[in-house]
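Model the placement of chain B on the given structure of chain A, informed by the hints.
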Amino acid sequence: MHAAVRSRRPLIPARWAPYVFISPFFILFGAFGLFPLLFSIGLSFHQWDPVAGVAGMHWVGADNFVYALTRDDWLRKALFNTLWIALVSGIPQHLVALPLAWFLHKGFGRWRNAVTGAYFLPFITSTVAISLVFSSLFSKDFGLVNAAFSSLRQVPVLGWLMPGQSIDWAQPGYTKWMISAVVFWRYVGWNTVLYLSAIQTIPQDLLEAAQIDGASSRQRFVHIVLPLLKPMVFFAVTLSIIGNLQLFEEPFILTGGTGGIDQAGKTAAMHMYAVAFMDGDFGTASAIAWLLFVLIAGTTWINKRLLGTRA
Amino acid sequence: MTSLSAMPTAALPGAAPRRAAPARHRPRAPESRAALLIGRAAVLAGACVMLVPFWFMFVFATHTNSEILAMPPPMWFGHALGDNLRDLLERLPTFWWNLGWSLYVAILTTALNLFFCALAGHAFALLEFAGKERFYAAIMLTMLLPGFIFMVPTALTMSWLGWTNEHRALIVPGACGALGIFLMRQYIESAIPRDLVEAARLDGCSEFMIWWRVVLPLLGPALGTLALITFIGSWNNFVGPLVVLRDMDRYTLPLALRSLQGSGQTPWGALCAGAAIAVLPLLAMFAFASRRLIAGLTAGAVKH
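Chains as they are written, first to last, in the working numbering: chain A, 833 to 1143; chain B, 2 to 305.
Extracted from the complex, chain A is given alone in its bound form:
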């Protein structure tokens, strides 16, 4: 039969098939991943006037890097902001997520998925949409956060901790707190889910044996769960470092794209964006990108030395 003959003579020889099957990734990555990366490395050593095309490129050696490191005061400020937000939003994420995952694992039975889902939901929702809603919740005169603070002021002990008057979150002293709160809100559920999935791989008889021997929930968590979770802590913290140091969307929306008053909420990635697309200085922007890349790689490496067990 005609069909049978055709099926015996495939379009591509069988031994080529695997390479053809995996080729789409490599073709696309080559064109839209590798090429831009190499281009960006080259660009970081050039001064470029894009209007003049390729002819507008001038080799300037390491000038862009020298400029960014020594004379770009805004970059220094943006790096400080980035690290500040990364720590203030990042550390509580893990301190909350670890015990939270344990609580979710122990209790809640068939409600576990629903409760976990509530924590996870912010992670998959549109950053832009929700950051816009947050900017209303953080308004000075009508925002819900200030309203909550002022009603908590009536509560005895807790009230002493509350600010005396409405906070203007747009003021430089508060912008980073606001951004950190949103980042915490967005990613705490993601970390919880990571830890929960790791806890679920711990052999149950190990925990049951400890329980029969009289170990309390807290003791089981501290002495059994935490040590066994170390590889996952390393992995989750690595993801947090990579994510937090390139923070862009949340601060961009919450500060209206400007970085806020005195650029108090401008992160390094936002600065890179501004240098490229507002100032049109693509060379310096590329240099900044690679400096930030080195910072991320370095921090990840330090984290690996501190927490990592193996590759």
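Possibly wrong hints are sitting among the right ones.
What the hints assert, rightly or not - Calculated Cβ distances over 12 Å to all of chain B for the following chain A residues:
| no. | residue |
| --- | --- |
| 1 | 879 |
| 2 | 890 |
| 3 | 902 |
| 4 | 903 |
| 5 | 906 |
| 6 | 908 |
| 7 | 1000 |
| 8 | 1005 |
| 9 | 1036 |
| 10 | 1138 |
To be verified - Using C-beta positions, here's what the derived DEER-type ranges look like:
| no. | chain 1 | residue 1 | chain 2 | residue 2 | range |
| --- | --- | --- | --- | --- | --- |
| 11 | B | 34 | A | 1003 | 37 to 47 Å |
| 12 | A | 1035 | B | 70 | 52 to 62 Å |
| 13 | A | 851 | B | 191 | 22 to 32 Å |
| 14 | A | 1134 | B | 70 | 45 to 55 Å |
| 15 | B | 192 | A | 1088 | 47 to 57 Å |
Treat the hints as calculated values from the structure; they're not laboratory data.
Glycine is no exception: its CB is placed at the ideal position from the N, C-alpha and C atoms.
For chain B alone, coordinates are given in the frame of chain A:
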């Protein structure tokens, strides 16, 4: 509460001393009910706090600006949803286009990912070829590249290609993701019977036909998970459109919503109505498939 601090230190696990007598007395660890209840209540209260922004997004979408600006702000639904939607369409005349472009980009990106990732996953899971694990490791490594590094050069590359303002600048580069290849390889290795594939091969079926006729029809659950992840990622994408799309009528939804911000008095009601429209599809998907979605997204980490 009290029994927590009164716990005998000798009962620390790890060393786990054999203490048969107390174990018989108290088959379960002496966890006080109060501590358990407080812990549970705190977790539930936290879950409610996480949902607060969603609640107010929907509530504000139904109130006029002056109601929202009142102190305290409204906590329950109002009657201004229609007015807010009208206001939204007035300020953003291209809104339906923006919504359409978001759908267009997300659906095409998802379809291409399903096709290409399932194909690559098939090769990595079922075929032997020189350099297989090296190719695979290279693909997995690209997942660690931070996205911001591509922002500037991608914008320039697209402008060279003449793809500025074109939606294919968003669709084509994202058409075959590394996470998708990972998920597909995992699933095919665990779920496809080798005998079936061998039988098809002996019958003289070409490799592509084996994939198309035998493997692909069995990939339903994995394709569903990957479709959800890819669609959500594309739907929420902000940075890509930000550096590539120029004109209002080409914007995807996140860019369009952002343009409401800034100019004078922010129209909070209209903005929340728009945000709600952008978030609703995600909530619907999450309601039906949260477990599958979470499992797919954390799959890489669990393997670790």
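Just pull the numbers of the violated hints for me, sorted ascending.
-> none
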